[in-house]
Amino acid sequence: MQLFPCPFCGPREESEFHYGGEAGNLRPDGSEVTAERWAGYLHMRDNPKGPTREIWVHLTCGEFFAMSRDSVNHKVSGSSVLGEAEHGA
Amino acid sequence: MRNLAEKWPAAPDFATATLSKGSVSVRTLGGLNQLLVSGDLAAWSKASGLAGEGVGAGAIANGNKYMVRIARDRVLAVGGQPFPIVAGWHAAGFAVTVMDAGLHVFEIEGPGLDRLIARGTALDPGAASRSASILFAGAGVLFYRFGDSDRARLHVDRGLAPYLWEWFEQAQVL
Numbered sequence: 001m002q003l004f005p006c007p008f009c010g011p012r013e014e015s016e017f018h019y020g021g022e023a024g025n026l027r028p029d030g031s032e033v034t035a036e037r038w039a040g041y042l043h044m045r046d047n048p049k050g051p052t053r054e055i056w057v058h059l060t061c062g063e064f065f066a067m068s069r070d071s072v073n074h075k076v077s078g079s080s081v082l083g084e085a086e087h088g089a
Numbered sequence: 001m002r003n004l005a006e007k008w009p010a011a012p013d014f015a016t017a018t019l020s021k022g023s024v025s026v027r028t029l030g031g032l033n034q035l036l037v038s039g040d041l042a043a044w045s046k047a048s049g050l051a052g053e054g055v056g057a058g059a060i061a062n063g064n065k066y067m068v069r070i071a072r073d074r075v076l077a078v079g080g081q082p083f084p085i086v087a088g089w090h091a092a093g094f095a096v097t098v099m100d101a102g103l104h105v106f107e108i109e110g111p112g113l114d115r116l117i118a119r120g121t122a123l124d125p126g127a128a129s130r131s132a133s134i135l136f137a138g139a140g141v142l143f144y145r146f147g148d149s150d151r152a153r154l155h156v157d158r159g160l161a162p163y164l165w166e167w168f169e170q171a172q173v174l
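Residue numbers (my numbering), protein chains in the order written: chain A, 1 to 89; chain B, 1 to 174.
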């Protein structure tokens with residue numbers, strides 16, 4: 001059982017969390033968005049090996065947040081409250 | 001036609017059902033008034049007169065009325081008497097929902113409480129957590145202690161109460 005740090009609740013068991021995607025993949029906005037840009041948003045992922053920054057949601061308290069972890073050794077280096085940029089607002 | 005209800009054990013009469021094994025007992029706590037409050041919690045505190053941010057997971061609540069913290073913008077107000085606050089949206093910036101019938105409350109008491117909690121969740125019993133909302137035996141519950149460290153209350157969606165009761169019945173630590 002791995003513990004993940006919710007910015008509001010603190011360390012909780014991993015089964016209380018759900019993956020929300022890579023951080024920084026913002027939803028395109030406007031009528032001028034090209035098909036390539038939409039395809040990139042929907043289908044193309046960096047899938048990094050090593051340090052990565054991801055969006056997660058803590059299901060019990062409903063907090064969406066960014067978590068930095070390593071995709072190779074699964075070590076979590078921290079988590080932070082989402083700013084507007086990462087909400088895609 | 002097959003009676004599919006036979007596939008599950010019948011739910012007990014929660015008004016009288018008590019589990020008592022070893023050093024822990026479990027029973028249902030009826031009659032509590034429960035209000036789910038969402039939105040501006042400072043405005044809620046001002047309107048209700050309930051101060052503080054509410055107890056988190058494993059913390060000790062006291063008194064005839066208190067608050068249980070769920071999320072950054074959500075608490076459950078619990079009281080022995082009805083709250084003088086009407087349900088619905090309040091212009092001050094918060095919404096109130098009556099949860100009396102929505103959440104079933106179990107009270108667990110005894111010196112073996114910590115062993116039962118450790119069986120149901122990986123929550124660190126020595127660390128504070130701002131939210132009382134946890135996953136317990138796979139079900140979402142609000143968990144806090146009441147009065148002293150050997151008595152806990154679990155609020156669970158009413159539909160999951162029979163499942164949780166069955167889990168208590170089968171828990172090896174009870």
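Keep in mind the hints are simulated off the structure, nothing from the lab.
Computed from a prediction, not measured in an experiment: that's the story for all the values here.
Hints should not be assumed to be uniformly reliable.
[What the hints assert, rightly or not] Under 7 Å between C-beta atoms, here's a sample of chain A residues computed to sit facing chain B: (1) Gly10; (2) Ser31; (3) Cys61.
The C-beta atom is built at its ideal place from N, Cα and C for all residues, glycine as well.
Tested hints:
1. Gly10: holds, 5 Å
2. Ser31: violated, 34 Å
3. Cys61: Interface hint status for Cys61/A: holds (4 Å vs cutoff 7 Å).
Violated hints amount to a single one, hint 2; each of the other numbered hints is respected by the structure.
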